[in-house]
Amino acid sequence: MRTQRVAEAPAGISETAGQGIRIGHLLKMRETGLILIIALLFLVMSFASPYFLTWDNMRAMAMAFAVEGIVVVGMTVLLISGGIDLSVGSVTALAMVIAGLLFLSGVDPWLASAAAIAASAAIGAAMGFFVTKVGLHHFIVSLAVMVIARGFCLLGTGGRPIGLFTLPPEFKFIGQGAVAGIPVVIIIFVVFVAVSDFVLRRTTAFRKVFYTGSNEKAAAYSGIRTKKVVFLTTTLCSALCGVAGVIYMARFGSAQPTFGVGMELNVIAAAVIGGASLKGGSGTILGAILGTILLSVVSSSLALLNVSVYWQDIIRGSILLTAVTADLYFNKRRG
Amino acid sequence: MDKPVLLKVSNLAKSFGPVRALRDAQFELRAGEIHALAGENGAGKSTLMNIIDGILQPDSGEICLDGRPVVIGSPLEAQRMGIGFVHQEIALCPDVSVAENIFMSVTNSSRSLLMNYRALERRADAIIRRLGDIDPATMVRDLSISQQQLVEIAKALTLDCRILIFDEPTAALTEREADRLFVIIRSLAAEGIGIIYISHRMAEIFQNCDRVTVMRDGRYVRTLDVAETTPEEVVASMVGRVLDSLYPDKLTDDERSSEVVLAVENLSEASAFHDVSFELRKGEILGIGGLIGAGRSEIVKGICRLEGQVTGQVSLHGRPLRLKTYADSIAAGIVYLSEDRKGDGLFLDLSVAANVSALAVERVGTRFGLVSERRERGQAEELGRKLALKCGNVSDPVSTLSGGNQQKVAIAKMLSVGPKVIILDEPTRGVDVGAKAEIHRILRELARSGVGILVISSELPELIGLCDRVLVVREGRIAGEVTGDRMTEENIMVLASLADEQERAA
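These protein sequences, in sequence, are chains A and B.
Numbers given in the numbering used here equal positions in the first sequence, counted from 1, plus 2.
If you count the second sequence from 1, position 121 lands on 107 in the numbering used here, and the numbers rise without skipping.
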């Protein structure tokens, strides 16, 4: 360090604090609790339903949350920076529709996908503009975009799903293929989550996202260009919706204009259950993905137990409320 | 005096954590008098008034109303007892009409189901006309600051008060508005209402008040009849605080250097300050004094481009700088420590280590743009040792530390970029005596090592004890400079407030 010759003072930092605190810290972590709850669910369900612990069911459950997990990553980063995006479901559907229509008009499917992702990113950039330059709130801007994007989906397709039967097999492979028995979607999901968890926790660039969300003014007083940070996280979230939309298209072999209605609630709930705060400044990818898995396991468990689908929403909402209340309680006790 | 005593406060004490805001406060208010409360920044005036208004509860002491001891549990109770408070900060609802704002508390306690807007406006009109030309149907957001201040005063007038507290009400008013206000205050006093008037401005006190009570360091100093004293005597009682900590040695004459670290020329900002020029020399600690609101913080924020549309030249070690953003300023080596540690200085939820590296995360990063946990911890631990930071682990959130240690984290954050100039705004506010002395020692050693140190403080003893030279700011301009033997509390206070009065009176 090139700092100054300040006289050595007795060290106040305890060197021995290490181990004990680390383990205690691990126990307090949100992720640990979520893993325990998910494990408990697995245990109970494996007795309750003989079908639960089968390869087919595991695969089906994983497929159910894998693509949405990509959107959860984008939402988590955005929440950490202090924003929120209600348009994720609509933008995902719009990306699917854009790529589908371009493909039908003769564009190469890979190129069409790239264009759809770019269009999604542009939507995010537009939202970022309204938030950081015009000064509107994320909630309002993304609410408007949620409706507008859905409108474009319906306008472009006439409200009907577009069948894409001529999609080349190597493109469909992304959504439907498997390597060594493991679906490609799941491989993409695992790799993406691992990489983004690392990137978010470790890179200097994403550290600025935490600074901005934790205390925007202090971040600005640290020379961080907070508006740029928020603009970029908003764009990133929409771009990842585009990626998810393209993968969905490959998986379904069609573009569905009404896909993803209500997805935003699921995605925000997962991130919040996983420890992201709507106030910004906190959250992890691992936690958010565990939140996604928990919600998904609960849904499929309820289905296996023949619980009415109407009950499922009630239970999901209750889980969200419980998780957030528990967090508030524990945080208060710690503070 | 034969008028009855309305309010008597004795032996009041109040602490905030380690900071003792009031030690032995006394105050006496008679019916029909205008009683000024004077004292420098941090003397405890606001704390005392907040206790009288029920916002704060005293740790010990007694408040008597009409000779009977009372407990004032909340502002609402204070209101019921007939105590009204016109706050310095404006607390109005911007999207609601003037009339509704004036009668907010009446509406709140009203039993009728529907609002009678016409009657409300009629009654508001009668009150506000006494103060100024404001239409009661206007939205508060459309009023100027001084008009809003008048609405705030009108609000207090609607309450059936026997005691009315004004906290520097003229700070945002024009001369004419202020004159009008005094006419009203005098007529209120003539009705038998006791007025407590907090002000820094000697001319106001001497033109309008009957008695003045001086506070210093949270203690009662004396109460004087205005007719029998002079502004000089009041100022002399306000200053002369006891040094409550030992200060490090100042520069000796041999150590003084003519080498200029930071030169500021003709720095101006449209609304905040004008033509500010000064030099910060190598090895010295330069202080900036002045009353709160004089533009001290705005000037230093202008230097490092945190705020405002600034014109003028800033040079570092003789090289003119072209700064556009605060990031440029950090890159050039000029950093600013905020006066509002919790609001905009620190990330309370984040770890000590993450806070220390916030100014330049890249410095603890690897070639691939990753944060090196080892380097980040190492940096925080090393700077922590230098600053004698007491914390369990640098991965603990900053919110778990004491005020003094939080401030050391904020200073470590500044040091992490190896700055050439450090600007500190109220560096020891809310910090206990021990940590305060340590921070002073650290600043002196930084200055000796060649870092330029600029300190803003509202505490005169701190400015005098710590700095080699003090610039005094008044109304957005540098009113003067004191150094050596001339560096006394009295001289600083005179530059900060008294000269102002003579100009006004002239």
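No wet-lab data here; the hints were simulated from the structure.
Do not take every clue at face value.
Stated by the list, open to error - Far from chain A by the CB rule (all over 10 Å, computed), these chain B residues: (1) Gly18; (2) Leu100; (3) Arg205; (4) Glu214; (5) Val225; (6) Arg267; (7) His303; (8) Arg305; (9) Gly389.
To be verified - Lysine-lysine pairs mimicking DSSO-like chemistry, simulated, CA-CA at most 30 Å apart: (10) B/Lys236 x A/Lys230; (11) A/Lys135 x B/Lys310; (12) B/Lys268 x A/Lys230; (13) B/Lys406 x A/Lys219; (14) A/Lys229 x B/Lys328; (15) B/Lys328 x B/Lys310; (16) A/Lys230 x B/Lys406; (17) B/Lys236 x B/Lys268; (18) A/Lys281 x A/Lys174; (19) A/Lys135 x A/Lys230; (20) A/Lys135 x B/Lys328; (21) B/Lys236 x A/Lys229; (22) A/Lys229 x B/Lys310; (23) B/Lys(-11) x A/Lys219; (24) B/Lys328 x A/Lys281; (25) B/Lys(-6) x A/Lys219; (26) A/Lys174 x A/Lys229; (27) A/Lys281 x B/Lys376; (28) A/Lys219 x B/Lys236; (29) B/Lys406 x B/Lys328.
For every residue, glycine included, the Cβ atom is placed at its ideal position computed from N, Cα and C.
**Message:** Check the hint pairing B/Lys406 with B/Lys328 against an upper bound of 30 Å on the C-alpha distance.
**Reply:** holds (25 Å)
**Item:** Straight-line alpha-carbon gap A/Lys174 to A/Lys229, limit 30 Å
**Value:** With a Cα-Cα distance of about 39 Å, the restraint between A/Lys174 and A/Lys229 is violated, given a limit of 30 Å.
**Request:** Measuring Cβ to Cβ, find out whether B/Gly18 lies farther than 10 Å from everything in chain A.
**Result:** Its Cβ never comes within 10 Å of chain A, the nearest being 46 Å, so this holds.
**Asked** Has the given pair, A/Lys281 with A/Lys174, been kept, meaning a C-alpha gap of at most 30 Å?
**Response** Outside the cut-off at roughly 40 Å; violated.
**Pair hint A/Lys135 and A/Lys230, alpha-carbon separation not exceeding 30 Å** = Between A/Lys135 and A/Lys230 the Cα gap is close to 10 Å, so the pair holds against 30 Å.
**Request:** Could you let me know if the closest chain A CB is still more than 10 Å away from the CB of B/Leu100?
**Result:** Holds: least Cβ distance 32 Å, greater than 10 Å.
**Prompt:** Would the least Cβ to Cβ distance between B/Gly389 and chain A come out above 10 Å?
**Reply:** Check passes; 15 Å lies beyond 10 Å.
**Message:** Checking one constraint from the list: CA of B/Lys328 to CA of A/Lys281, max 30 Å. Satisfied?
**Reply:** At roughly 16 Å apart (the allowed maximum being 30 Å), A/Lys281 and B/Lys328 satisfy the hint.
**Request:** May I ask you to check that B/Arg305 keeps its beta-carbon over 10 Å from the closest beta-carbon of chain A?
**Result:** It holds; B/Arg305 is separated from chain A by about 19 Å at its closest Cβ, greater than 10 Å.
**Asked** Between A/Lys135 and B/Lys310, is the straight-line Cα distance small enough, at 30 Å or below?
**Response** holds (18 Å)
**Item:** Pair hint B/Lys268 and A/Lys230, alpha-carbon separation not exceeding 30 Å
**Value:** violated (37 Å)
**Asked** If you draw a straight line from the CA of B/Lys(-11) to the CA of A/Lys219, is it 30 Å or shorter?
**Response** Answer violated: B/Lys(-11) to A/Lys219 is near 52 Å, above 30 Å.
Hint check: violations occur at hints 10, 12, 18, 21, 23, 25, 26 and 28; the rest are consistent with the structure.
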